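Kindly generate the complete structure, drawing on both the sequences and the hints.
Residue numbers (the working numbering), protein chains in the order written: chain A, 848 to 1353; chain B, 848 to 1353.
Hints are computed from structural coordinates only; laboratory data are not their basis.
Among the hints, a few may not be true.
Each pair may be met inside one copy or between any two copies, as identical chains are not told apart.
[Claimed, not checked] Below, simulated EDC-like cross-link-like pairs (lysine to aspartate or glutamate); rule was C-alpha separation at most 16 Å, straight line:
id, residue 1, residue 2
1, Lys-1135, Asp-943
2, Lys-919, Asp-880
3, Lys-903, Asp-856
4, Lys-1330, Glu-1236
5, Lys-931, Asp-1276
Only a predicted model underlies this, so the values are computations on that prediction, with no experimental measurement involved.
Protein chains: 2
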Amino acid sequence: MKLIAKLFDEESAEPHVTVHRDDCRELGVKPLDRVKIEAASSHVIVVTISDTVVKKGHILIPGPILNKIGAKDKQAIEVTYSPKPDSVRGIRKKMDAQKLTRDEIHEIVFDILENRLSKVEISAWLTALYINGMDTEEIANFTNSMVSTGEKITFDRTPVFDFHSLGGVPGNKITPIVVSIVAAAGLMLPKTSSRAISSACGTSDFVEVFCDVELEASRLKKISEEVGGVLAWGGSMNIAPVDDMVIDIEYLLSINPRAQMLASILSKKLAISATHLLVDIPMGAGTKVKTLEEAREYARDLMELGTKLGMRTECAITYGDQPVGSAIGPALEARECIRILEGNPHPASVVEKACDLAGMILEMGGIPDGPTKAREILSSGAAFKKFREIVEAQGGKKDLVSEDIPLGKYVNDVKAVRSGYVHHINNKDLVTIARAAGAPSDKGAGILLFRKKGQRAEKGETLFQIYADNQIKADRARDVAIKLEPMDIEGMLIKKVPNPSALKSI
Amino acid sequence: MKLIAKLFDEESAEPHVTVHRDDCRELGVKPLDRVKIEAASSHVIVVTISDTVVKKGHILIPGPILNKIGAKDKQAIEVTYSPKPDSVRGIRKKMDAQKLTRDEIHEIVFDILENRLSKVEISAWLTALYINGMDTEEIANFTNSMVSTGEKITFDRTPVFDFHSLGGVPGNKITPIVVSIVAAAGLMLPKTSSRAISSACGTSDFVEVFCDVELEASRLKKISEEVGGVLAWGGSMNIAPVDDMVIDIEYLLSINPRAQMLASILSKKLAISATHLLVDIPMGAGTKVKTLEEAREYARDLMELGTKLGMRTECAITYGDQPVGSAIGPALEARECIRILEGNPHPASVVEKACDLAGMILEMGGIPDGPTKAREILSSGAAFKKFREIVEAQGGKKDLVSEDIPLGKYVNDVKAVRSGYVHHINNKDLVTIARAAGAPSDKGAGILLFRKKGQRAEKGETLFQIYADNQIKADRARDVAIKLEPMDIEGMLIKKVPNPSALKSI
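Dropping the structure here:
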C-alpha cells in the first residue's frame, strides 16, 4: 500500500518505522514484523504500531533510512509486508550446533548489515555462537564475509604491519608508543583502534584527546604512507561495519563469542590489507583470557586463522592481572602515554610492554634484536619525534607535550582503611568506578593509581585518586569505590570470628 | 533528575520511554539502557533517545506504564539510570550450560514479568534454554515460578480435569467436542486455550467465532461449576502471564524451548488447579514432535513433571502427519466442529480423535470403557446439548447450528496439475497459505481440503479451496499455494532426466 513518508528522528535501540494501527491491520503486520519500504530503492525494516503518534496513511521513517531509499519527507512510498529473512534458518542451524556453509554465514552477515535481522534475532545469533561456536573454516568464512561487506584499504607501500590487543586490562595505553617506535624504525603501521565498549577507555578515546581520530580512508592512507604510522578510529571508516552493529548487543549480554571476536579482529586487519599482524593477549583474572592454556588456545587459533587468511600472524601473551601503568581514563592515559614518549621511564610496566611488543614487530619486519632496538628508538627521542609527526598530521597541536592535556578538575582520594599490602586489584571494579566518574565520554574522568600489586599502604594513605569533570560524578564514583573496594589490602587481621549469637541478632 | 511525563501511545515491540539526547547524556544512558521512573511507585524501563520527538526536560511514557507508576500526563517524575538486573547473571549461567537454582529461575521469570529484561535479553535466555535445556527439577521450579507470578483459580468442585494439545497439526478442532463430551458425562473440564502464534488457527481463534472467549476468572469459575465445561481464552485471565510475554520472541526465532514449553503447559494447568491432565502429543513430519521416540520422551517428561507438581497426568500420542479433518481457519473449523456435534460422522479423523481423547479423560474420572461411552454421548446428542449450554453461558447464540457460521466470500480453487495419489501433505505449507489468506485474524479465511493423504486426484480436479475475506488476500494465498505445492501428487512420471547440455543453457 502507499503511505506518506514523515521524517522521524528517534534514535532507538533499533531502526524502525511507525505505522498507524489500521494500516498495520491492512498490511497484516504486528510489532516485531518487518515491512519493505520502497521509493528510489527499497529497504526492509521493523515496524512499530501507534494510534496517535502517526496519522492513518502516514509512516514515520528515521532520517538515515529515508535517505537510503531515496525518498523525501511527505513523499508517497510503497509499503508491503516482508517475511522473515532466510538467514533466520542459518541462525536456527547454529542453535542446533550445526556447521554453517560459507553462503549461510554470508547471508547472516549481510542481513545484519542491511538491518533485515532484528536485535532479537541478532541476540539469538550471538547466543548460539557463544554456546555452539564455529570451527576454523567457519571463522575464516565469517571473516571474509565481514570484510566483503565493508570498505577495503590498499596501500602503495608494503609490507603493512598491524597490531591488536584482545583487551580486558585497564590502562593499556601502549598503542601510540608501539606505533611511534615501529614507524620511527621505517616500517608502516596504519593502526585503527576502537572506542570503549564496556571498558573505561579505548585507544581512540584517549588519542582523540590530543588529535583527530575520525579519518577518512584516503587520509589514513596518505598519513600512513608518508609518516609511517597513524592512530585512527576504525569506526570512522566503513571497514567491517557489521562487527560494530553487534557490539551493543554483545555489551548488553556481557558476551563476546570467540568466533565473533576472532572474525572481528581479523576482518579489520584484512580490510586494511595487513600482511603482518601481532596480537597481544593479556592474561589474568580480570581479563577476557583467564589462564595460560586459554591464552595458548587463542594464540593457536589466531595464528592458524591468520595464515589461512594470508597474514603472517604472531601472538604475545602478556600480564593482565592488574592495570598497565597507573592511569585509567582518556586524559589521564593520554598524559601517561605522552610522558613516556617524552622520556620518562615510569611506569615501567607501560615502557616494558610497549617496547617488547614493538620489538616483536620490528623482528617480523626483519630488524634483528627488536626489543633492544625498540628501547633505543624510545630513549633516543626518535619515537617521540615520530609521534609528534603523527599527531600533527592528524590535526593535533604541533610540539605537543604531556602537560597540554587537561585533567578533570574534581578529584576525590580513596584511602586505605587498614594498613597492609595490596594483594589483589580488581580490574572490573576499577572500570566500574572510572565509568561512574564519567569515563570514557568525559575526557577528564578516570583513576590514578597510587599503589599497585605487592606495594604497601598505611591506613589513611591514598590508594588511588578519582578524577571527574563535575562534583556529582566525582562523588558518585567515590561512593562506588567505597562499596566495591577494588584493592584488597591484607593486614594483620586475616579473618574475624564473631560470636554466633551476636550474628543471629544482626 | 526530574522530567515532565508526557503520555505516548506507541505500541512497539517493547515498552520504552523516550528522552531527549541532552537529558540522556546527563543521565548517562544510551539506547538499550534502562532508567527507573518514579512517581507514586517506580518502574524500570528501556530508554529511547530523540532530538526532536521529545523536548528537553520531558519524557514520553506509554499509557499503561504511566498508570503503573501512578503518574498523570504533565506530572514531574523522578528519572534515574538503572543498572542491568541481576537476572542477567542467571541467563549467562544458562548460556554456560549450568544448572539454575530456584531463586535464579524465579528472578528471571519475575524480571521478565516486570519488563526489567529487554527483548534482546529474553531472546538470549530463550536461545540458551533451547540449546542447553533444563533438568526436571529446574523445570518444576520454572513452572512454580510462572504460576506464582499470575492469578490462580480454585474451584468448589473437584476433581478438576484438564486437557492440552502440544499442537503443530493444523485443523485440530477437537477441543469443543472433547469438553462437551466430558462435561456431558458429569465431569468438570474448565478449558483455557490459546490463540494462534505461528499456526493458522488456535482453539480460541475459532471458538470466538460463535461465543465470547475472553472470560474473567469469576465467570470461568461460575460457568465451569454450573455447566461442567468452559471454552475460555487463557490470555484473558492473568494466569502465568510471563509465558505470554515470551511467545512473540519464540515466534520470531521459530523456537519453542522444551523447558519453556513444558513449564508453559503445566503452569497454566496448575494455575486453574487441575487435578487430572491429559496431554495430546501429535506426532509426524510437520508437527513439533517428529518421531515416536521423541513423543515418548515428551510423555515421560510430562508425566514425571505432572506427578512432581501434584497432577495425575496421562498422555496420548496421536497421528499428526496431515491435518485433522478437512477445515483450516477460524470459521471453517468452527463449522466442521459444530457439524460433528450435530451428528455428522465426517470427517472421521476428527470424530475418532475427539472420542478417543474424551474417552481417556472419562476413564481418568472413573468411568469405565471411556471411548465407547464418549461415542455414545456424542451420537446421542448429549454432547451437542452440553455444547450449546456452554455457548449460551459464554454469550453465544441460543440453539446455534453450524450453518450460522459465515465463511469468507472470496474463494479460489487450487487444482491438481497432474493425476496421481496424494502421497504427502505439508502441514507448514498449509499454514503459510491459510495465513496468507488472512487466518487467523480474518475469521472467514482458511483452507478446505478436498483430498487427503492416499486419495486419488485427476489432473484439473480441486485439491483444496482457499477462503478469504477479500480478493487480494484470496489471490495472494493462491499464489503462495501454487509456489509451495503443499500436496505432493505422485503421477506416472517420477523423475525427469533432462539433457545436460540443455541444462547448461538455462
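Structure-based check of all given hints:
1. For a Cα distance limit of 16 Å, the shortest separation of Lys-1135 from Asp-943 across copies, 15 Å, qualifies, whereas the shortest one inside one copy, 26 Å, does not.
2. For a Cα distance limit of 16 Å, the shortest separation of Lys-919 from Asp-880 qualifies neither inside one copy, at 24 Å, nor across copies, at 31 Å.
3. With identical chains, the CA atoms of Lys-903 and Asp-856 are at most 16 Å apart between copies only, with a shortest distance of 14 Å across copies and 19 Å within one.
4. Taking the shortest alpha-carbon separations for Lys-1330 and Glu-1236, neither the intra-copy value of 44 Å nor the inter-copy value of 64 Å comes in at or below 16 Å.
5. Taking the shortest Cα distances, Lys-931 and Asp-1276 sit within 16 Å of each other only across copies (15 Å), while inside one copy they are farther apart (41 Å).
Hint check: violations occur at hints 2, 4; the rest are consistent with the structure.
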